[in-house]
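Enquirer: Please put together the full structure from these sequences, using the hints given.
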Amino acid sequence: MLAGIGTIAALFLPIVFAAGPVLDPWLRRRRGSSTNNGGVADRSFVRIAPLDALAADGVPRFFPVIANKMDAWTTLPQQRVGAIFLVRKDDQGEPRVAAFSAACPHLGCIVDFNAQQQQFACPCHAAAFGLDGARVSGPSKRGLDALDVELRKSEDGTAEVYVAYQRFRPGLDVRVPLG
Amino acid sequence: MSRFLDWVDDRTGCRRVARALMDESLPGGPRWRYVWGHALGFMFIVQIVTGLALWTAYSPSRTTAWESVYHIQYHMLGGWLVRGVHHFASHVTVVLLTIHFLQVIVYRAYRAPREVNYWIGLVMTLCVLGMALTGYWLPADQRALASIQVTTGLVQAIPWVGEPLARVMLGGAEFGHHTLTRAFALHAGALPAALGVLLLIHYAIFRGQGRKTPPLSNAMLDSAERYWPRQWLRNIAVCVTAAGIAMGLVFASESPDGTGGTVWGAQLGAPADEAADLAAERPELYFLFFNQLLKYLAPYPLFVGALVAVAVLLVLLMMPFWGRWRVGHAFNVLLAIGLIGGAAILTALGIYDDYHGAAAQQFLAARSAASERAERALELAASPQGIPPAGMRELMASDPLLQGPPLFRRHCAACHSHYDALAEDAGELDQDPSRIVAAQPTASNLWRFGSREWVAGILDPERIAGPQYFGNTSHVEMVSWVTVNIGEKVAELEGEELATFRRHVEDVTYALSAEAELPYQSPENGDDVADRIAAGREAMVSVFECTGCHKFHDNGELGLAPDLTGYASAEWLRGMISDPTHERFYRDTNDRMPAFLPAGEEARAARLTPHELEMIDRWLRREWHVPGDQ
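Residue numbers (our numbering), protein chains in the order written: chain A, 0 to 178; chain B, 7 to 636.
Everything labelled a hint here was simulated from the structure, so no lab data went into it.
The structure presented is a predicted model; accordingly, all values stated were derived computationally and were not measured.
Incorrect hints may have been included.
Not everything, but these chain A residues come out facing chain B in the computed CB check (under 8 Å) [stated by the list, open to error]:
| hint | residue |
| --- | --- |
| 1 | Pro13 |
| 2 | Ile14 |
| 3 | Leu22 |
| 4 | Trp25 |
| 5 | Asn67 |
| 6 | Asp70 |
| 7 | Ala71 |
| 8 | Trp72 |
Even for Gly, the Cβ is constructed at its ideal location relative to N, Cα and C.
Expert: This is how it looks when you write it as structure tokens:
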């Protein structure tokens with residue numbers, strides 16, 4: 000009996016040790032320190048642009064999301080990890096900025112803003128979304144993914160737009176964070 | 007010799023083993039259908055040998071995987087042959103596996119007491135499929151990326167364990183170094199080790215149980231024969247044929263090598279790039295049926311596809327239980343044939359869909375774009391610059407020919423076209439892959455911008471007023487200047503005077519286009535036209551008085567119209583695209599062109615990065631590597 004348990008324990012010992020590096024991508028993610036996180040740590044805010052660069056005219060403007068990208072032992076400095084649209088429409092002088100991920104929630108193509116139709120349009124499968132990001136037509140099962148926005152003061156006192164950039168799994172009607 | 011063998015035998019007993027293998031009694035004599043298991047064993051050996059050879063040169067990481075496979079395929083002695091055999095032997099193995107499986111079912115070899123060995127066989131099949139799948143991930147080309155994304159998507163769709171499993175498989179949130187190191191550990195480590203152990207057990211059980219289930223008929227026992235040599239010969243014949251077919255397939259597939267020649271063997275697509283189109287990529291032929299099945303299952307949640315695969319596997323595992331009864335066995339035979347036939351039909355439908363289906367046009371276009379990209383990757387890798395330490399990703403990202411067109415489409419093509427309008431108006435179809443036509447051109451066509459031909463157009467009263475130049479812009483002053491000072495002048499003058507005037511205009515095209523220092527026009531700007539360039543410069547000041555509005559070297563002043571000094575040169579273009587409202591360019595007379603990389607405060611809202619701007623700049627100037635150039 001003891002010999003049997005001992006044998007099994009002896010066999011499992013190396014497996015337990017080996018599990019560390021093999022399961023690292025999953026275990027480390029739970030501690031929030033993945034070395035391959037698709038560019039942005041979960042829900043961390045990324046600086047996008049100064050508030051002044053954004054006219055308060057309600058017109059969506061395209062911004063790339065630039066961040067250091069980690070891939071295991073390689074750091075790729077200042078990579079384009081995604082793209083967003085910012086819409087600024089102030090409320091009685093109080094700045095209000097909304098952000099949408101430019102990745103189409105259908106299959107992840109990058110949508111364009113069509114100024115004539117006042118719609119976001121995906122060039123891949125003709126999904127269309129309204130100014131508020133809501134689904135208008137096409138194959139997407141949900142609207143554009145809205146992202147959290149924060150206005151922060153920079154060192155010289157000017158306001159800057161920060162966005163919690165996140166990617167969501169395409170093709171679903173609900174938002175499931177990716178990565 | 008025999009004394010040496012005696013010595014070895016004394017200490018190992020190898021003769022007894024060899025004799026046991028060769029003296030096996032075959033009731034009913036040798037059969038061709040006994041060869042399939044051995045042929046599979048032989049293919050495993052072929053894969054180990056060629057795989058180890060490839061291992062000596064392969065390096066799994068995002069900066070070295072494609073690069074090392076490229077080196078194997080195009081530079082190492084016989085690399086293409088070893089890689090090709092390794093690749094096509096996997097196809098042969100899948101075919102042999104199918105035959106072996108059918109044979110086991112049809113000849114009832116899965117029933118008691120062989121069910122355990124049958125299950126081991128199924129697990130081995132999974133190992134082989136796992137190796138096949140991870141195997142074509144290793145080159146890290148576009149097809150690998152497409153397959154990794156589809157596979158990850160399927161795995162993620164599994165409830166509960168899907169997400170962590172996908173992360174462990176990818177080695178993170180997305181395709182990266184660790185995806186490749188992990189795939190390699192599976193492909194060349196865990197899976198073949200498991201397969202090897204299972205193969206030994208499979209064979210040992212098989213030998214222990216014998217080929218036939220007793221009782222054997224007397225006739226079969228009477229015609230029993232030793233394994234050696236007649237069955238052995240059949241095995242050898244089939245093994246050699248299988249390896250021969252794999253090698254034949256290597257020579258049957260030819261692809262360009264990026265230096266104008268061709269190479270035999272397995273294909274290598276363009277290096278994996280998440281930003282590039284994956285619509286052209288399809289899995290290996292033997293996975294195509296599953297791909298097609300997923301297409302039909304597209305309306306349902308993704309895990310239905312995974313569920314179908316698991317369900318089929320479970321049914322296969324359970325086959326021995328009802329296979330005892332005659333009806334159950336008949337069902338199993340029909341099911342096996344149905345599954346294989348179904349897979350074959352799905353494969354055929356998949357191919358038909360791609361080449362003749364509703365979306366065939368898009369697929370073929372994507373296919374040709376993908377092979378152009380792959381060929382370009384090979385050209386760049388073979389260029390004198392070679393592959394930099396950061397790998398092909400860097401080389402591809404800094405190639406104007408690859409980066410220019412998508413950037414131009416995204417940022418410029420709403421207003422500017424880029425195609426040979428003169429040739430197309432004359433009825434010649436432009437074959438240039440970088441042909442871009444704006445739907446509603448509201449600015450000049452930038453095809454060979456700044457070249458002698460382009461300058462000739464802007465000095466032509468008809469063409470400058472047309473849509474290829476300033477016809478749809480607000481630059482009416484230049485249009486009216488050309489109309490009055492060139493158009494009306496030509497109409498007015500006659501004979502000798504007209505010829506002199508025309509020569510002056512032509513001189514200006516020489517002089518102004520020389521400012522651009524376009525590399526593709528440098529042979530035409532040699533010493534023999536130096537005097538014409540000089541004459542043109544002179545004419546711009548004294549005859550046409552361009553410098554009344556434009557600055558041109560030491561004459562004229564900035565402020566009214568764009569600077570013609572270094573017109574359309576790399577530096578001029580960079581400045582113009584960065585900020586057309588700069589005093590060197592259009593100031594407040596700028597039409598609708600945005601500042602793509604403004605200086606100072608506005609720089610943070612730039613539309614282009616300096617690198618992207620350089621790519622557009624160099625692409626417009628057609629400064630890219632051409633194979634054969636030094």
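Enquirer: State for each hint whether it applies.
Expert: The hints, checked one at a time:
1. Pro13: The hint is violated - proline 13 of chain A has no Cβ within 8 Å of chain B, the shortest such distance being about 14 Å.
2. Ile14: This hint is violated: isoleucine 14 of chain A lies away from chain B, its Cβ roughly 12 Å from the closest one there, beyond 8 Å.
3. Leu22: With a minimum Cβ separation of about 6 Å from chain B (threshold 8 Å), the hint on leucine 22 of chain A holds.
4. Trp25: holds (4 Å)
5. Asn67: violated (14 Å)
6. Asp70: Since chain B brings a Cβ to about 4 Å from aspartate 70 of chain A, closer than 8 Å, the hint holds.
7. Ala71: holds (4 Å)
8. Trp72: Since chain B brings a Cβ to about 7 Å from tryptophan 72 of chain A, closer than 8 Å, the hint holds.
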